[in-house]
Amino acid sequence: MNQNLYFKTNEFGSGKELASYVYTELQKLNFAPKDPIDSDYMFSIEIEIEGVKLDIYLGKNDEETDIPLWQIWPEQRVSLLKRIFGNADRSTERRVKGDLETIISKIKGVSDVEWGI
16 MNQNLYFKTN EFGSGKELAS YVYTELQKLN FAPKDPIDSD YMFSIEIEIE GVKLDIYLGK
76 NDEETDIPLW QIWPEQRVSL LKRIFGNADR STERRVKGDL ETIISKIKGV SDVEWGI
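Residues 16 to 132, numbered by the working numbering, are exactly what the sequence shown covers, in order.
Just so you know, the hints here were simulated from the structure itself, not pulled from any lab data. All C-beta atoms, glycine included, are put in the ideal place defined by N, C-alpha and C.
Taking CB as the label site, the calculated pair distances span: (1) L95 - K123: 37 to 43 Å; (2) S35 - N76: 16 to 22 Å; (3) N102 - G124: 41 to 47 Å.
Using the sequences provided together with the hints, build the complete structure.
Here's what the structure looks like:
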């Protein structure tokens, strides 16, 4: 099960602004991100680290809050057979989760940064 990183901030007016910020921060980490893709309800950014491809999904949560609630999470691309037999190495995904938490924690005025389902 994948967990999402939730956070609150007024820093972004749209999912596109958040995607642009995360894209720039991923470039600084030399993850060579591809341009953000708008999927209407959220954005995704593809990255590759040492031959492992991951998609980072991000956007505004639908929950009504005084300060906008956002969410972001990485999902490592794993073949069906590795998922079935449970022998997928997800260490890269865990690494990216830590990097995303650092990126999000640096946002001006961010609060309530926590992993959840």
